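Required output: the full structure, derived from the provided sequences and hints.
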Amino acid sequence: MGESIDIQGFYGMNDVNMSDRGPSRSGFIAPIAVLNADVDGQGALRKRIGKTLTVTLSGSHSLWAGISCMLCSASGHLYRLNGSAVIDLGSITGPESPLSYEEVDGLVYISNKYWNKKLDPKTNTLSQWGLTNPNGPALLSSSTGSLPIGTYNVCLTNVSGSDISGNSPISSITLTSVGGVQILNRSIGSVIWCTDQNEGIFYRIGEVDLITDVMTVEPLPTFMCSSPPLLSNLCHAFGLMWGSLGNDVYYSQPFRPSLFRLSLNKFPFNSEITLIARVPTGLFIGTIEETFFLEGTEPEKMQQKSVGVGAVRNSLTYCNNVPALGDVLQTSEKGYQDVPMWRSHDGIVIGNAAGKLYNLTKNKVKLDVPTTGASVYRFVDGTFQFLTSSPIGRSGSSIGGLNAETLALFESGKVSQSEFTHKGQGSTALCTDTVTCEVRRGGVLI
1136 MGESIDIQGF YGMNDVNMSD RGPSRSGFIA PIAVLNADVD GQGALRKRIG KTLTVTLSGS
1196 HSLWAGISCM LCSASGHLYR LNGSAVIDLG SITGPESPLS YEEVDGLVYI SNKYWNKKLD
1256 PKTNTLSQWG LTNPNGPALL SSSTGSLPIG TYNVCLTNVS GSDISGNSPI SSITLTSVGG
1316 VQILNRSIGS VIWCTDQNEG IFYRIGEVDL ITDVMTVEPL PTFMCSSPPL LSNLCHAFGL
1376 MWGSLGNDVY YSQPFRPSLF RLSLNKFPFN SEITLIARVP TGLFIGTIEE TFFLEGTEPE
1436 KMQQKSVGVG AVRNSLTYCN NVPALGDVLQ TSEKGYQDVP MWRSHDGIVI GNAAGKLYNL
1496 TKNKVKLDVP TTGASVYRFV DGTFQFLTSS PIGRSGSSIG GLNAETLALF ESGKVSQSEF
1556 THKGQGSTAL CTDTVTCEVR RGGVLI
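If you read the sequence shown in our numbering, its first letter stands for residue 1136, the second for the next number, and so on.
Simulated from the structure, these hints should not be mistaken for lab results.
A hint or two may mislead.
No farther apart than 27 Å at their CA atoms in a straight line, the calculated lysine-lysine pairs in the BS3-like style are these [said to hold, decoys possible]:
#, residue 1, residue 2
1, Lys-1549, Lys-1501
2, Lys-1401, Lys-1436
3, Lys-1436, Lys-1491
4, Lys-1501, Lys-1491
5, Lys-1440, Lys-1497
6, Lys-1440, Lys-1491
7, Lys-1186, Lys-1549
8, Lys-1491, Lys-1401
9, Lys-1248, Lys-1401
10, Lys-1499, Lys-1182
11, Lys-1549, Lys-1497
12, Lys-1182, Lys-1436
13, Lys-1401, Lys-1440
14, Lys-1182, Lys-1497
15, Lys-1499, Lys-1549
16, Lys-1440, Lys-1252
17, Lys-1182, Lys-1549
18, Lys-1436, Lys-1186
19, Lys-1401, Lys-1253
Predicted, not measured: the structure shown is a model, and the values here were computed from it.
In structure tokens, the structure reads:
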């Protein structure tokens, strides 16, 4: 008969420290691998409940859930999921590419490298994200009016409801006598803006073709702005919409997620952006090679510092009820909310408000470095869980998740005693528990 050991409970799996597999002083043990089970906060193993297919969408990707709705993409279409119900919201143009989402004031903003739109969940309608600027400058000529002698600058904007586009290229005209300015090419719905004589601030004139006077009441709020480019890694923080394009992080005008001043409002980095994550005191910016923290809530005052290695794209999610982790979170508060967690090149990390990273898997689980991933935060059987997965890793790495030996266990779905012990990975054992019970029939003990 084999030797018996007393196990009081389990830690999570650990395939890094192979030297001591026996129970600790507390009687807890850390298995090399845990198959088809979860370890709860009390050290108990619970069999996973499995999965249930609720929706069939071939080739689906980019699953996201916000306050108002759950969305995903499949076969070039955007879908809304409501239990087992599926609503086709419209087509997505361009090659298949992961979508990025952000919900602001009841609207969901959606973008990838080839397409963007905004969704109104109340009506399930997609619309243009931002207004395009007028194509060309205003064509001007002198006319009659009461404008004093001087030089006037004129531009156009498009308007839809309360939304105003950025301005067209600027046109100038000099009046050599008192008169007016005629606009020769204004399209229906376009608004004229004009400076006072020899000045630089544009004021609203209106939907007119003739400027006879300049009322310096309403200045142009969208000067040098445009609709957003095709962004990735959307993030709404500090009243601004953030997103990335290549090596640059762009941010919108304050409280105007559809207006961007692209030439000025950006942070350049040395390699491609893979992550933008918010905390109350700033932003984590992940790139292919390195992760930075932009400390501050006002872009012009933000301070940039390097805080870690590169981040795996599309692996970010936000978690609630994250406990205090020693001195990393630097406070005794328990149960942190809206904490960013993602895959980095050296494990699964969380970012805190102090601009520091805490590695949850270092010295515990061997993880490869995939080029992309996916993560979700959920609540199951009274336990909060962070789930992450990834496809094939970088060239030469062959595995997108765990190291080769551990992954083989998960792929087979069982632990083979002969194979497991033969490879020197450890030992197998039969775990038993003893319970007693009373059985009664018709109230009589039998």
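Do the hints match the structure? See the list:
1. With a CA separation close to 19 Å, the supplied pair Lys-1549 and Lys-1501 stays within the 27 Å bound.
2. Distance check on the hinted pair: Lys-1401 and Lys-1436 sit about 13 Å apart at the alpha-carbon level, within 27 Å; holds.
3. For the given pair, Lys-1436 sits about 19 Å from Lys-1491 by alpha-carbon distance, which is consistent with the 27 Å threshold.
4. With a CA separation close to 22 Å, the supplied pair Lys-1501 and Lys-1491 stays within the 27 Å bound.
5. Proposed proximity of Lys-1440 and Lys-1497 is supported: the alpha carbons are some 22 Å apart, at most 27 Å.
6. With a C-alpha separation of about 10 Å, the suggested pair Lys-1440 and Lys-1491 falls inside the 27 Å cut-off, and the hint holds.
7. Between Lys-1186 and Lys-1549 the CA atoms are separated by roughly 18 Å; this keeps the pair inside 27 Å, and the hint holds.
8. Pair hint Lys-1491 plus Lys-1401 holds up; C-alpha atoms about 23 Å apart against a cutoff of 27 Å.
9. For the hint linking Lys-1248 to Lys-1401, the alpha-carbon distance of about 18 Å falls within 27 Å, and the restraint holds.
10. For the given pair, Lys-1499 sits about 21 Å from Lys-1182 by alpha-carbon distance, which is consistent with the 27 Å threshold.
11. Pair hint Lys-1549 plus Lys-1497 holds up; C-alpha atoms about 25 Å apart against a cutoff of 27 Å.
12. Among the hinted pairs, Lys-1182 with Lys-1436 is inconsistent with the structure: their alpha-carbon atoms are about 50 Å apart, more than 27 Å.
13. Note on Lys-1401 and Lys-1440: the hinted pairing holds, with a Cα-Cα distance of about 16 Å set against a maximum of 27 Å.
14. A threshold of 27 Å between alpha carbons decides the hint, and for Lys-1182 with Lys-1497 the separation of about 25 Å falls inside it, so the pair holds.
15. A C-alpha spacing of about 21 Å is found between Lys-1499 and Lys-1549, which places the hinted pair at or below 27 Å, so the restraint holds.
16. At roughly 33 Å between alpha-carbon atoms, Lys-1440 and Lys-1252 are farther apart than 27 Å, so this suggested pair is violated.
17. Between Lys-1182 and Lys-1549 the CA atoms are separated by roughly 14 Å; this keeps the pair inside 27 Å, and the hint holds.
18. At roughly 47 Å between alpha-carbon atoms, Lys-1436 and Lys-1186 are farther apart than 27 Å, so this suggested pair is violated.
19. Taking the CA atoms of Lys-1401 and Lys-1253, the gap is about 22 Å. The hint holds against a cut of 27 Å.
Hints 12, 16 and 18 from the list above are not met by this structure, while the remaining hints are.
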